[in-house]
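Going line by line, the protein sequences match chains A, B, C and D. Remember, our numbering sits 51 above the position in the first sequence when you count from 1. Remember, our numbering sits 88 above the position in the second sequence when you count from 1. Under our numbering, the residue at position 24 of the third sequence is numbered 9, and the numbers go up by one with no gaps. Remember, our numbering sits 427 above the position in the fourth sequence when you count from 1.
Treat the hints as calculated values from the structure; they're not laboratory data. Careful, some of the hints might be misleading.
Residues on chain C that point at chain D, a partial pick, calculated with CB under 8 Å [as the list claims (entries may be wrong)]:
1) Leu566
2) His622
3) Val625
For each label pair, taking beta carbons as the anchor points, the in silico distance ranges come out as [as the list claims (entries may be wrong)]:
4) B/Val135 <-> C/Ala603: 48 to 56 Å
5) C/Leu512 <-> A/Asp299: 34 to 42 Å
6) A/Leu254 <-> C/Gln474: 29 to 37 Å
7) A/Arg138 <-> C/Pro210: 27 to 35 Å
8) B/Val135 <-> C/Leu8: 53 to 61 Å
9) C/Arg496 <-> A/Ala218: 57 to 65 Å
10) C/Gln474 <-> A/Ala302: 52 to 60 Å
11) C/Gly490 <-> A/Asp299: 40 to 48 Å
Anything over 12 Å on all C-beta distances counts as not near chain D; from chain C, calculated [stated by the list, open to error]:
12) Glu589
13) Arg597
14) Ala602
Positions of the beta carbon are idealized from the N, C-alpha and C atoms, including for glycine.
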Amino acid sequence: MSGVETAVHLAVILLVPPLLLGVIQRTKARVAGRRGAPLLQPYYDLVKLARKDVVLSRTTTWVFVAGPAVGVATAVLASLLVPFGERVAPLSFAGDLVLFAYLFGLGRFFTVAAALDTGSSFEGMGGAREVTFSALAEPALFLALLVLVTLHGNLSLSGVLGEDTGARWVTAVAPVALASMSLFVVLLAENSRIPFDDPTTHLELTMIHEVMVLDHSGPLLGAVLWGAAQKLFVQSALLARILVPLPDGPAPLRWACFLAAVLALGVVIGMVEATMARLRLRQVPMLLIAASLLSAFGIVLLVR
Amino acid sequence: MSLLLLLSLIPLTFALVTFATRTERLRPWLVLAAAGCQIPVVGFVLVSRERFAPLAGSWIGLDPLGVLLVGYLSVLFLCCALYVPPYLRLRRERPNRIFCTMLLVFFGMMNFFLVSQHVGLMWVAIEAMTLSTGPLLYFNRNRRSIEATWKYLLIGSVGIALALLGSFFLGYSALYAGLESSLMLGDLKLHAASLSKPWLHAAFVLLLIGYGTKMGLAPMHTWKPDAYGEAPGLVGALLAGGATSCAFVGVLRFYSICVAAGDAAFARELMLGFGLFSMAVAGVFMVRQRDYKRMLAYSSVEHMGILVLGTAIGGAGLFGALFHVLNNGFAKGVLFLSAANIHRQFDSKSTDEVRGALRVMPASATLFLLGFLAATGAPPFAPFLSEFTILRAAVAEQRFGLAAAFLALLLLVFIGMGATVLTVVQGDPPPGRERPATERVQKLVPIVALLALVLLLGLWMPQPLESALWSATAVVEGRP
Amino acid sequence: MSVVLALVAVALAGASGLPGLVLPRDDAAADRSAALLLGLAALCGAAATALVAVAGAEQTLALPWRVLGERIEVGLDGLSAFFLLPTLGIASVASLYAVAYWPARSHVRSARRLRLAFGLIAGGAGLVVIARHAFAFLAGWEIMALAAFFSITAEDERDVVRRAGFIYLACTRASTLALFGAFAALHSVDAGFALRARPALDLDTSRALFGLAFVGFALKAGAMPLHLWLPGAHATAPTHVSAVLSGMLLKIGIYGIVRFASLLPPLAVSDGVFVLVLGMASAVLGVAFALGQHELKRLLAYHSVENIGIILMGVGLALLGRTLGHPEVEQLGLAGALLHVWNHALFKALLFLGAGSVIRQSASGEIDRLGGLARRLPLTALAFGLGAVAICGLPPLNGFVSELLVYLGLLRASLLTGGALGLLAVSGVAALALVGGLAAACFVKAFGVVFLGEPRTAAAAGAREAPPVMLVAMALLALACGVLGVAPQLAVPCLEAAIRSFDPGLAPRLRDAAPFGSISIAAAGLLVSVVAMAAWARWRRLRYAPRTVTWDCGYAAPSPRMQYTSSSFAAGLVGLFRWALRPQLEAPHFGAGPFPLPAGLHTELPDPVLDRLTLPAARWLVHASTWFRWVQRGRVHSYVFYILVAILVGFLAARGGLG
Amino acid sequence: MSELLNLLLVIVLLFNFLMLGTSRVRAVIDAAAAQGTLLGVAYLTMHGASGVRALALGVAMIAIKGVLIPRILRSALRSQGIRREVEPFVSFTTSLLLGALATGLSVIFARTLPLAGEDANVLLIPASLATQLTGFIVLTTRRKALTQVVGYLTLENGIFIFGLTLVEAMPFLVEAGVLLDVLVAVFVMGIVVDHISREFSSIDSDELTELRE
């Protein structure tokens, strides 16, 4: 790992995630037969929001501000654990996958707390849904990562997402496929994508993530969107590294390959969003538990 | 040897003097004086105990069991005697001549029992003990106390009668074997091996039931809740700590004959059965017990069960049982005397009317609570050590089922007793009784002394006491 | 030296209530002197722990005290020292808190008694930890247990308190009796009461011994099916006592399990599996039950069950590792369990103290009657928030470190063993992940509903910040949480000393096995971003940002009662665990007709072991025992008849001889 | 010698039946008194020749069991003004049958016992057992407290019969002490019965059931 690559890594996590959102939205529009917003629309939104003033609810405290900020901080920190284009992530140690999951937990804790800080029943409802689904998503995420851990005999993300990923596809296709499916479900659930949530809905009662940030405005709302995009990007990166083994070439090639893979995953997400309908809320847990079971099955296949 | 008779003669003399005394206020102090005079004599006897060891052909003597119990009894009686003057000062409406006299007679008879080395003499002493306690129970002179006295006398006498029959059987077992007929304990143990087994067995059954009635083993315990419930707390303490312990000594003496006869197995099984049954009965009747004095009676039943259980296990178990005699007696003293204070204050024995004692009389209630903890074997109080010793003896003998049953019953008893005790001491006092009582120091000193004894024995056992316990164990089990 | 220090510390702690006995009942000096003595005790204990961590070797001291001919010894090794520190530390912080929380002036009835008992809890627990002989151990154990009983029932005029106290008392006696059995069995092995290793013991005996001891200790620790006393006692005790119960008393149960295991040779695989599975069940069900609670302290109590479960998972791993010969699993499991003992002591005490200050300042512990307290008790809110983050195991606080160690142990175990054991370890990981998610849900609910939003009652609206002493006590704990979270290396010497005394054959190398450095980096990164965030907020002058109402979806008259309540918040998750929790739901009835009647929703979450199993069984037993009462119905005739029957039975029993 | 003893014992047994069959309390007391006297006589016939000590004891026995104790009981009876035992728990006929059964069983059971020398030939052991059982029957079936005292006395008498086999083993003092104890026991019980009748206005002991669970 070189200093340059760490800098690139930081630059990518700070700058690229909105592009992924743009790709997804564009894909959705295209599938629906619309032309869609420009790819860079999320960036425009962020800049616009950053320039606005903040208006706060009278009820709120520092927690309300902490929510979006922690969201960004944890997403960036979590990204440092995942190897993007490099071979080894900037921060890598045995058990870093636990930190990976728990960082998102921390972000969620503060997002939900910020929602409750407003005293609005809608935002409380959104928070309740968020924690309910994420409590189920957490084991699914862990089990999916455990498939990789078992497969590689290594306890760090950089270790399980190393060069031999491709080889593993050959030797243990079924477990890896199962884990990938499971991770994909977790990715959709954690990032409030269809079929779990609809980021474009306009009815508070049906929202999950969006309803929690109703009261955030200006730069705070910008931070929320930015952090959410980063989270999506990091988790997509994780999945992309599993699905698409990096070529054994020079650094620029690897990075390009990685970015292409992530954006391609964005296209897939967009396709899913465009073609699927939202699940009813009470079916969500079923799907998450099913995702856990997929990974568990993968582990059973490996351990036997 | 005649000095031994002094042990019972001192109290009896004082009893005479007390009976002859005309001043009501003097008599309680005479009781205390008797207890005080007894102490140096007991001290001397204990120090030079070898001189008083039972000789062949002598009716009285001080065997190791007697050594243990005589010392214990004098301490217990002293503590109870300390309680007599403040108690009777509160009961000025009652003439106390009979009460004080009989207290001393009772004490004298207990000592006489302990030094007797003749089966018949033991019987005479224990029957006299029973009879002398009748008036003590009837001190309150109301319907309930007369009923209790009646039941106590009748059941006690029937039990004692059976003990007499057992004593005769014991004699007959010698006679049948063609030995020179004798009811001397020494002779019986000497020739134990040649005693007629069937008669010996039958004798032991009857003696165990007879003396067990006095101990209050279930199912012969039926007099106990009534008597302890209606007697003044002081008498309850002496009965539960003194009379029952003497009866237990009786059982041990007959058991030691069985051991000497090489035929202890059946006696052990029998005691095991009675022990467990007593503990179980006590536990069952303690659950939801509203009357806290009756509860103490059942606790006594339980502890008698523990005593015979320990004896049945043998070895360290017997050691524990003997130790438990002391611990139980002192702990019961704490409980009965503090319960008496509470009873006096609230004028009721029922938990329906007695609540929040900690608020009204903090000292007595605290002592009652601590006494409960001590009696149920909470470390570091001494009953813990004795019960634990019995338990580990059971485990060492590989009797795991027995150990488990023992523990389960202890838990049952603790829960049952705890519910009642806590109802009494905790919470708010019933309406009209909230005013804090003035607690007289004289009525607390004896209780504190007893509690201190229980705690002290749990933390540190004097070497002489330990050797006395071991030699008593050895004598009962016929080991040198 | 160290053992003498420890002994002094224990004595100081035990005697901390004594000055109050001679001072007037309402004298605040009594509280201060107790806090001072306990503080001194904690300092002595800390010094002793430090000495052990540096010097390592075990020190024993034979006391001039003999019981039944046995010489009583005390000693201090790594394990003892490791538990001694939180025992005295938490007690001293809680007693500091009590100076303002339970002042003698306003609790004349109970203050003296409570102060005495409180010191005795710490003293008794300290004696347990340093005891090297069964009698001293049991004496300390019972002193601790009974003192805890008296502390729990400080407000014995309340029915619920007496009830909870009695259930506790029954349970603690059951556990003591189980320990009697265990020590009796230990004695039967080699006629010794000393707590020393018995490496030559055969497997069956060891297992039996461990089983007995485990029942006793787990009952005290409150592992899942044996937790029945825990929620009630924690909820009704004075809050600083709850903090000590949860922070320290439960841990003594864990100490017992670890100590007993260390005395025995390696147990069977199934024992480790059993402890691990019990820990998993305890963790998952504990947090699930916590979710459905309405009362802040009861909620915290169920979280103790959960955290004890996590600790037991670590212990189970350590046992498995020792049996299977995987030193890495052993040391990771044990280190995780032990560190979680410290951590849970810190953050749970912090949470309880926070809850206490909420209860004191707003006169209610009902979550749904609170709200908006962060604006009224800002420092308490900060402390409670930190505690909540820590207990959820979230970085950068201490809970994360110990959970990570347990995770690592599980992961290593799954890699090293494979097969059924590997799957078990994997399910352990999943369980821990689920627990993490549920705990976060539960605490975001507790924190959010209590401290955020609008106050739901007038009392909550009028609440003010807690007195400084209480805040200082909380700050101490919060600081410790932070320090252990950012620099867990500080605990390594103590941990390694403890692991060495658990298994002398193991040379622990925790720094290699666990990524403490990286944890520090990550935590530091988070801290930096917190600082950056605060700087940004200041720069943007967010404090002076224009204020308006919360978005109300167009409904013009919102009231605080319309906020999402804790019950509604948890309803989804409780619904998911309906099969295990079996909540009792009183559904709202709106009535027929065009105009709905006033209606309410009421949910109740009865404890499965206590309310559904133990109490009905106890009621049945009481009923059955009253049936026996007819035996003693006052007729002297029947009493004589019983004697006759006894004779017959006696003769029948002795028939062999008679015939 | 043993024929005389047997005759005495048969009479003792007959008094047992009288005690069980009559409803008059006075008659029950008399029967117990007669039994006591007969025991004294039996004692004298067995051991009277062996010395002054035995003679004195025999006389004392007759005096206490045959005269003093019955006198106490009779005076108690007079002061209470009762005459009959009404409605025992078990009817008189049934008690008689029970008594007969007990006697029969005693005789059969005594056969199976290992007895020394001449004891096997005399009725000593069966009579003892039967009398004890009679005492138990009275104790457990009669309502009046006074009758129960007599039951106790009968039990004691039965035990005394057994004691006749063992005179050598019992020192004089002990024997006297036993007698004295029995006397005092009955005396104390008499006092208690007296107090009961004052407190309860009857001596039906099944009224004495206030103390119960």
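To see whether the hints hold, each was checked on the structure:
no., hint, in the structure
1, Leu566, "violated, 41 Å"
2, His622, "holds, 5 Å"
3, Val625, "holds, 5 Å"
4, B/Val135 <-> C/Ala603: 48 to 56 Å, "holds, 53 Å"
5, C/Leu512 <-> A/Asp299: 34 to 42 Å, "holds, 38 Å"
6, A/Leu254 <-> C/Gln474: 29 to 37 Å, "violated, 51 Å"
7, A/Arg138 <-> C/Pro210: 27 to 35 Å, "violated, 49 Å"
8, B/Val135 <-> C/Leu8: 53 to 61 Å, "violated, 45 Å"
9, C/Arg496 <-> A/Ala218: 57 to 65 Å, "violated, 33 Å"
10, C/Gln474 <-> A/Ala302: 52 to 60 Å, "violated, 34 Å"
11, C/Gly490 <-> A/Asp299: 40 to 48 Å, "holds, 45 Å"
12, Glu589, "holds, 36 Å"
13, Arg597, "holds, 30 Å"
14, Ala602, "holds, 22 Å"
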